[in-house]
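In order, the protein sequence lines correspond to chains A and B. Under the numbering used here, think of the first position of the first sequence as 1, with each following residue one higher. Under the numbering used here, think of the first position of the second sequence as 1, with each following residue one higher.
Calculated from the structure, these hints are not laboratory results. Some hints could be false.
[Unchecked claim] To give a feel for the contact side, a few chain B residues facing chain A, derived at Cβ under 7 Å: (1) Asp126; (2) Met164; (3) Val165; (4) Ser174; (5) Ile176; (6) Phe227; (7) Leu317; (8) Lys318; (9) Val322; (10) Phe350; (11) Ala386; (12) Arg402.
[Claimed, not checked] Capping the alpha-carbon separation at 35 Å, the derived lysine-lysine pairs in DSBU-like fashion look like this: (13) Lys23/A - Lys325/B; (14) Lys230/A - Lys318/B; (15) Lys230/A - Lys325/B; (16) Lys61/B - Lys23/A; (17) Lys61/B - Lys146/B; (18) Lys427/A - Lys23/A; (19) Lys230/A - Lys67/B; (20) Lys23/A - Lys198/A; (21) Lys98/A - Lys140/A; (22) Lys146/B - Lys67/B.
Even for Gly, the Cβ is constructed at its ideal location relative to N, Cα and C.
The chain contents come next:
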Amino acid sequence: MSDMTDKAETTPTPPRTYGRMAKREMRFAYSMLAPTFLIVLAIVLLPLVANFWISFKPVTLSDLRPPELNINERLRGDLVEAGDTAELEYRLRNTSQKASIYEAGFVDIIPDGLEVTGLDERCTLSGRELTCTLGDLPEKFRDRIRLQVIADTAYLTSPVEPRDNPAEAFGRSDNILTNFQFTLDNFSRIFSSPDFWKVLRVTFYYTVFGTASALVLGLFAAQLLNQSFKGRSVLRGLFLFPYVAPVIAVAFTWIILLDPYSGTLNALLVRSGMIGAPIDFFGQRDVDISIFGLTFQFPVALTTVIAFEAWRYFPLSFLFILARMQALSTDVYEAAEIDGATPLQQFWYISLPQLVGILAVLFLLRFIWTFNKFDDIFLLTGGAAGTRTLTVDVYEQAFAVSNLGAGAAVAVVVFVVLLVFSLIFFKFSPQDDG
Amino acid sequence: MRIGTGFIAAILLGAFWGIVWMIVVGLVFTLFSGQSTAPPLAIAALAGAVGAAIYALSPVKTRDRPKSRGPRVQATMVIAIFAILMLLTFGEPFGLSLAYTTGPQLIALAVFLVALWWSIVAALHDQSSGNLARYHLEVIFLRFMKGLGLTIFTIVVALPFYVMVMTSFKSQQSLISNPLDLSIDLSQGLSGLFSSYIELFTVYSFGTFLMNSAIVSVATVIITLAFAVPGAYAVARLNFPGQAFLSRSILLIYMVPAIVLVIPLYSVFSQVGLRNSLVGLMIVYPATTIPVALYMLQGYFRGLPSELEEAGLMDGLKRPGVILKITLPLALPALASVALYVFMIAWNEFLFAFMFLDDVSMFTLSRGVVSLNSSEVPRQHLMAGAVIATVPVLFIFLWFERFLVAGLTAGSVKG
Numbered sequence: 001m002s003d004m005t006d007k008a009e010t011t012p013t014p015p016r017t018y019g020r021m022a023k024r025e026m027r028f029a030y031s032m033l034a035p036t037f038l039i040v041l042a043i044v045l046l047p048l049v050a051n052f053w054i055s056f057k058p059v060t061l062s063d064l065r066p067p068e069l070n071i072n073e074r075l076r077g078d079l080v081e082a083g084d085t086a087e088l089e090y091r092l093r094n095t096s097q098k099a100s101i102y103e104a105g106f107v108d109i110i111p112d113g114l115e116v117t118g119l120d121e122r123c124t125l126s127g128r129e130l131t132c133t134l135g136d137l138p139e140k141f142r143d144r145i146r147l148q149v150i151a152d153t154a155y156l157t158s159p160v161e162p163r164d165n166p167a168e169a170f171g172r173s174d175n176i177l178t179n180f181q182f183t184l185d186n187f188s189r190i191f192s193s194p195d196f197w198k199v200l201r202v203t204f205y206y207t208v209f210g211t212a213s214a215l216v217l218g219l220f221a222a223q224l225l226n227q228s229f230k231g232r233s234v235l236r237g238l239f240l241f242p243y244v245a246p247v248i249a250v251a252f253t254w255i256i257l258l259d260p261y262s263g264t265l266n267a268l269l270v271r272s273g274m275i276g277a278p279i280d281f282f283g284q285r286d287v288d289i290s291i292f293g294l295t296f297q298f299p300v301a302l303t304t305v306i307a308f309e310a311w312r313y314f315p316l317s318f319l320f321i322l323a324r325m326q327a328l329s330t331d332v333y334e335a336a337e338i339d340g341a342t343p344l345q346q347f348w349y350i351s352l353p354q355l356v357g358i359l360a361v362l363f364l365l366r367f368i369w370t371f372n373k374f375d376d377i378f379l380l381t382g383g384a385a386g387t388r389t390l391t392v393d394v395y396e397q398a399f400a401v402s403n404l405g406a407g408a409a410v411a412v413v414v415f416v417v418l419l420v421f422s423l424i425f426f427k428f429s430p431q432d433d434g
Numbered sequence: 001m002r003i004g005t006g007f008i009a010a011i012l013l014g015a016f017w018g019i020v021w022m023i024v025v026g027l028v029f030t031l032f033s034g035q036s037t038a039p040p041l042a043i044a045a046l047a048g049a050v051g052a053a054i055y056a057l058s059p060v061k062t063r064d065r066p067k068s069r070g071p072r073v074q075a076t077m078v079i080a081i082f083a084i085l086m087l088l089t090f091g092e093p094f095g096l097s098l099a100y101t102t103g104p105q106l107i108a109l110a111v112f113l114v115a116l117w118w119s120i121v122a123a124l125h126d127q128s129s130g131n132l133a134r135y136h137l138e139v140i141f142l143r144f145m146k147g148l149g150l151t152i153f154t155i156v157v158a159l160p161f162y163v164m165v166m167t168s169f170k171s172q173q174s175l176i177s178n179p180l181d182l183s184i185d186l187s188q189g190l191s192g193l194f195s196s197y198i199e200l201f202t203v204y205s206f207g208t209f210l211m212n213s214a215i216v217s218v219a220t221v222i223i224t225l226a227f228a229v230p231g232a233y234a235v236a237r238l239n240f241p242g243q244a245f246l247s248r249s250i251l252l253i254y255m256v257p258a259i260v261l262v263i264p265l266y267s268v269f270s271q272v273g274l275r276n277s278l279v280g281l282m283i284v285y286p287a288t289t290i291p292v293a294l295y296m297l298q299g300y301f302r303g304l305p306s307e308l309e310e311a312g313l314m315d316g317l318k319r320p321g322v323i324l325k326i327t328l329p330l331a332l333p334a335l336a337s338v339a340l341y342v343f344m345i346a347w348n349e350f351l352f353a354f355m356f357l358d359d360v361s362m363f364t365l366s367r368g369v370v371s372l373n374s375s376e377v378p379r380q381h382l383m384a385g386a387v388i389a390t391v392p393v394l395f396i397f398l399w400f401e402r403f404l405v406a407g408l409t410a411g412s413v414k415g
């Protein structure tokens, strides 16, 4: 991040007009950035806008499949000799239960060797091409079109199934994703639900404690590995494992490790007599704890999820804090040593003040990323037992309840809260480079 | 033989280390042998305290007394610890008769003695038993905390991975009958030991998942670099209006949460038929990794001396030639670290794979392992799947650790 500030300080302000060389360089730079710009625009920025769009629409999962005219064609009757007649039947159906198809119809090619005699009034035949226009089809529309055909010898020697050459449907349907029907229902629904505020509270609790504990653990670990000793590089590699391993692997390992019936940790705790009965770490919402006569509810599942978060992400803060620590100059410590400062005083008055910058940056970054986290909680508890955060709520609303609009509305909340934090980050980040 | 704060500190240190090593060795012994133990913590504390007292009461080694605190004192200490432990536990150092699993118990006992001996010597070797200044008391306290911290961190980090690997070698029945028994039964032969893995590859088509993951991850790396290298070069080296703004806002794009993108992408990909395909992932993954790759690379490019490139330009090379012949070879380590990093992100990605892929033949490893998480599939299969997903990425990480650590801290990013 230092690069950005350096840049701003060292480059003079560009001249008002550009020379030929400058223009060429500019064009070259834009052409090198264009692909990146396009893909980011298409896959990140447009979906971001689209999410706002969807959040104002009453869209459900089933709306994603647009209404279609489904055509099933078959030949009724036996064609044995030349001149035999049969019926070519088209069964038509609107696949949607609630949307119409406008100006619908279909085009089909009549197999060679079949001569059409009885033509439905909705259809026209030009050459072998059959075109049927059906007009507007209401929801759940069903109908049949039958045509009389006569077979000739050529057909009988090499019969063709009409189905081999499927009819092509056309028609216009109202796509709920692209029309201009907007409503505030999604937002009023999520804001009026009492669950939403609980989810918001859980999200902040998870984010603040998850970030802080990962940071504190990282600081401890960095402090431990700051001095050199045998096996330090091995331990540094080991300490990074939780962060490097795939989230699915470590999440399921924790689930199995903490399982109340056959988990290793519960068995250890029970047999050593530390707890009476196994704890359902990921399934129990809260447990009453009384200290000095005051009873309060301790959120078990949420705390376990936060512990996982701290375990999985402490390596990152550890790595950055360690890198910063090793960049600190040793002179100050030698001077302090001579002055008789104790190790704890040296840490408190010399190391910590110099680490505040990187700690602040890490806190903000981790805060934003923890706030965004979906996989961890989703895999560990699925949002059950009082651990549902905003991101899990997006998934629940959109895919479990299959209300895409409501999910997008929650996602808008996620984004807005995040924007505020990003702005804070943006304001603070250039002042200190880690 | 002075008795002061140093002596008290030594006794406390010995007692604490006695307790810590008894718990740690007991735990490790239990997990390796399956025998549950009842570690006698009070006796271990006493043994540790006496051992530390014996060591601390011997005068500190100086030039006048080169043999002080030498092998004789240390041997006395270890024998005292051993004697107290054995006598007070009636010959059951872990609360378990030595007749059971004698070999492992003896090894555990030896480990306990060595660990306790080493911790006491390492913490007290230069501290006397007389009255100590605050500085020296803090030194002893911090040595204890440091040792304790390293022990706890190592256990907390390694235990889940150990459980993951060992569970994959067990059977459902033995797991439920004794969750503490993570020992390996070697008598069943290799095919019995690896039965979960064999079944995953033969019945659950993990070969396909592995292949899919490899294809998607490698393609993501290639596509990301193809986009990010020119972009990063432009941002780092060329002058154009909006350059400062761009280089600052790249990271902001990386802050956009995936969960906000999922609903629109799901809707659009469903309608254009990209949803249930690896191509869809190969579009989404690079788009999400390009900003971070670009950010990391532009940092490296800025750090390269621009004089070399200017010399190239003077000699008649065009810009693309300069990039290909001068900049890229110089930035090779950076490219490697970014490539590995992007590979890891793509390999570990879960959300989009989970949302987009329905067809089993399209599953990546992440998606495949999740599909094992059901009550019908035994849990050793789930853990074997987790191991299969973890091993390649851990292998790569260990192989290229220096690159990766340098890349991570240089780019200073990623959640």
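Hints, verified against the model:
Contact between Asp126/B and chain A, as hinted, is not supported at the beta carbon level, the nearest pair being about 14 Å apart and thus beyond 7 Å. Hint on Met164/B holds. Least Cβ distance to chain A is approximately 4 Å, under the 7 Å limit. Taking 7 Å as the C-beta contact cut-off toward chain A, the hint placing Val165/B at the interface is violated, the least distance being around 10 Å. Below 7 Å, beta-carbon pairs count as interface contacts, and Ser174/B has none with chain A, the closest being about 10 Å; its hint is therefore violated.
The restraint placing Ile176/B at the interface with chain A holds, with a minimum CB-CB distance near 5 Å, inside the 7 Å limit. Of the supplied interface hints, the one on Phe227/B holds, with its beta-carbon coming within about 5 Å of a beta-carbon of chain A, less than 7 Å. For Leu317/B, the interface hint is violated, since its Cβ never comes within 7 Å of a Cβ in chain A; the closest pair sits about 14 Å apart. Interface restraint check: Lys318/B against chain A, minimum CB-CB distance 9 Å, threshold 7 Å, status violated.
With its C-beta approaching chain A no nearer than about 11 Å, Val322/B sits outside the 7 Å limit, and its interface hint is violated. Nearest Cβ of chain A to the Cβ of Phe350/B: about 5 Å, under the 7 Å cut. The hint holds. Interface restraint check: Ala386/B against chain A, minimum CB-CB distance 4 Å, threshold 7 Å, status holds. At about 9 Å, the closest approach between the beta carbon of Arg402/B and any beta carbon in chain A exceeds 7 Å, and the interface hint on this residue is violated.
Of the supplied pair hints, the one linking Lys23/A and Lys325/B holds, its CA atoms being roughly 24 Å apart against a limit of 35 Å. For a cut-off of 35 Å, the pair hint linking Lys230/A to Lys318/B is broken: about 51 Å separates their Cα positions. Taking the CA atoms of Lys230/A and Lys325/B, the gap is about 42 Å. The hint is violated against a cut of 35 Å. At most 35 Å may separate the alpha-carbon atoms for a hinted pair to count; Lys61/B and Lys23/A exceed this at roughly 76 Å.
A distance of roughly 24 Å separates the Cα atoms of Lys61/B and Lys146/B; the hinted pair therefore holds under the 35 Å criterion. With a C-alpha separation of about 32 Å, the suggested pair Lys427/A and Lys23/A falls inside the 35 Å cut-off, and the hint holds. Under the criterion of a C-alpha separation no larger than 35 Å, the hint pairing Lys230/A with Lys67/B is consistent with the structure, at around 26 Å. Taking the CA atoms of Lys23/A and Lys198/A, the gap is about 55 Å. The hint is violated against a cut of 35 Å.
For the proposed pair Lys98/A and Lys140/A, the alpha carbon gap of about 7 Å is at most 35 Å, so the pair holds. Taking the CA atoms of Lys146/B and Lys67/B, the gap is near 28 Å; set against the 35 Å cutoff, the hint holds.
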